[in-house]
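Student: These are the residues of each chain, in order.
2 protein chains.
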Amino acid sequence: MSISLTNENTSASLLERRSFVFTALKAAGVYALLTVPGVSKGHNESTARKEYTVQDIIDLILKEIPGAPFKETVDTIKSGSADQKVTGIVTTMFATIEVIKQAAQLNANFIIAHEPTFYNHTDDINWVPGNEVVKKKQELLSKNNIAIWRFHDYWHAHRPDGITYGVLKKANWLEYNSTAEPVFKIPVVTLKEIIHHLKSSLSIDHLRVIGDLSQSCERIALLPGAWGGQRQIALTEKEQPNVLIVGEVHEWETAEYIRDARLLGSKTSLIILGHSVSEEPGMEYLVEWLQAKVPQIKITHIASKSPFTLV
Amino acid sequence: MSISLTNENTSASLLERRSFVFTALKAAGVYALLTVPGVSKGHNESTARKEYTVQDIIDLILKEIPGAPFKETVDTIKSGSADQKVTGIVTTMFATIEVIKQAAQLNANFIIAHEPTFYNHTDDINWVPGNEVVKKKQELLSKNNIAIWRFHDYWHAHRPDGITYGVLKKANWLEYNSTAEPVFKIPVVTLKEIIHHLKSSLSIDHLRVIGDLSQSCERIALLPGAWGGQRQIALTEKEQPNVLIVGEVHEWETAEYIRDARLLGSKTSLIILGHSVSEEPGMEYLVEWLQAKVPQIKITHIASKSPFTLV
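First to last, the sequence lines map onto chains A and B. Heads up: the first sequence begins at 1 in this note's numbering, then just goes up one per residue. Heads up: the second sequence begins at 312 in this note's numbering, then just goes up one per residue.
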């Protein structure tokens with residue numbers, strides 16, 4: 001069972017509706033039926049399984065990731081425990097306070113988030129000693145008995161890269177790049193048309209650009225998220241795309257590089273989508289990808305959306 | 312002699328006018344007079360000096376910085392040589408291709424820039440091996456015989472912090488914070504009013520905000536530039552300002568921290584000015600600060616401006 005909530009204005013009402021449906025089903029005992037062994041008789045072992053722990057879900061995912069498990073990874077459990085029974089799964093970019101509250105309303109006690117929970121890459125809770133926001137977030141998670149696992153390194157290591165694949169799918173660009181390579185070609189359009197297409201298909205209000213809006217583009221470099229200046233610049237130097245599309249930059253690195261490159265004759269433009277919205281479609285796509293593996297567990301995508309207002 | 316070019320639309324014509332005035336003075340031999348020892352007779356040693364090398368200027372500056380010279384610093388010469396004679400000085404945030412060309416037009420062969428020249432913090436030219444943009448920029452600098460020195464760590468180490476002081480001066484907030492502390496109070500206004508004031512006084516087209524525009528603010532934390540999430544968050548935790556004003560953030564650090572903090576009851580809003588425009592007033596103020604020390608050298612501020620268009 002999967003309802004993917006998008007970044008649109010309808011998500012709140014969809015959520016309420018979903019919550020209502022779920023509550024109604026639960027009241028009628030329908031949900032319970034799904035977990036009674038007899039009902040799923042005839043299914044194979046994995047689909048007939050009665051209950052899953054957080055670790056079971058993680059193991060199912062890691063089976064599909066080349067080279068997993070990794071010796072070093074930030075993809076660890078940030079809250080809750082590996083052996084807790086999963087009542088429902090929420091996928092998102094950031095397990096914000098709002099996403100946690102919505103997960104609790106959905107009776108989903110396992111959040112799979114792409115990015116950190118505690119505001120730094122390794123989720124070190126003592127990164128800023130005595131951080132009261134971290135403490136309050138931990139209390140909220142504990143009160144609602146919610147587990148969080150980060151699915152970052154592994155999802156990018158999946159082939160095709162799960163995040164890029166989700167973005168291409170949402171932007172309707174899979175026909176040009178079905179294996180989710182970082183560089184690919186689309187039919188020639190202007191930079192302005194690409195921007196409008198991305199804003200519309202990825203539900204982005206505003207984005208930042210360096211480039212000539214009327215310039216023709218067909219060669220795209222797509223690096224959602226924050227890959228850092230070194231990778232963003234190295235890819236641009238090597239591939240000379242017409243446009244580099246990223247989630248986030250260090251302004252003194254990639255932005256200044258692109259500004260200077262263009263003043264020196266380069267035709268590469270830069271589109272900065274915003275970190276959260278640039279990778280969210282990859283966590284939305286995760287619902288479809290994971291649901292096939294655990295049909296008995298309800299998986300819901302909740303978009304964490306952009307945190308910013310533009311003034 | 313100092314003309315400070317601001318981030319306004321008039322800067323191009325001001326530049327042309329300035330260039331014309333300078334050329335006219337030079338043609339008339341007026342500029343040369345300024346460097347004839349006899350004319351400055353009676354001045355003290357430093358003002359009577361005929362010529363300055365790049366190193367002379369750096370030494371004059373470092374005299375004013377507590378603890379200088381530092382053992383470790385990114386404030387090194389990025390182009391040209393320490394012993395080249397200075398024909399004129401340009402101050403800026405980023406020594407972009409455009410700033411370099413304008414400096415050459417002004418016959419200024421020494422650029423003092425706050426931020427990196429070659430797109431990474433240590434200005435390692437092999438950070439991205441074989442970077443053609445770096446090579447072309449080096450060629451342009453070499454052709455025009457322009458020296459660049461970074462003035463970052465030392466300007467922030469000056470008391471008061473030269474960048475923060477310049478921003479406060481430009482925002483007309485020095486009366487509330489003459490020593491350029493990171494946290495200070497202003498008369499109560501709404502967040503919306505602060506935003507409009509900053510946009511107008513610092514010549515910023517658009518900025519990103521997390522917060523309630525109608526909320527009252529008086530306690531300000533001002534950290535222009537990119538101080539990183541750890542410092543931005545630690546300061547916010549400790550000082551609980553009504554608004555944290557920064558140049559640039561890592562979205563997964565400070566932006567998500569502020570978003571969650573507010574959902575947990577915090578009243579701290581976040582304003583992201585943009586890196587270049589957030590610190591530019593500090594490099595504009597440098598003209599006034601440095602000109603008093605070397606009255607014979609023409610010092611001009613050229614704003615590198617925001618690289619972004621918002622769509």
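Warning: the hint list may mix true and false statements.
Claimed, not checked - Partial list, derived from the structure: chain B residues whose beta carbon lies under 10 Å from chain A:
#1 Asn442
#2 Ala545
#3 Ala572
Treat the hints as calculated values from the structure; they're not laboratory data. Don't be surprised by glycine CBs; every beta carbon is placed ideally from N, CA and C.
Student: Each hint needs a verdict: does it hold in this structure or not?
Tutor: Structure-based check of all given hints:
no., hint, result
1, Asn442, "holds (6 Å)"
2, Ala545, "holds (5 Å)"
3, Ala572, "holds (5 Å)"
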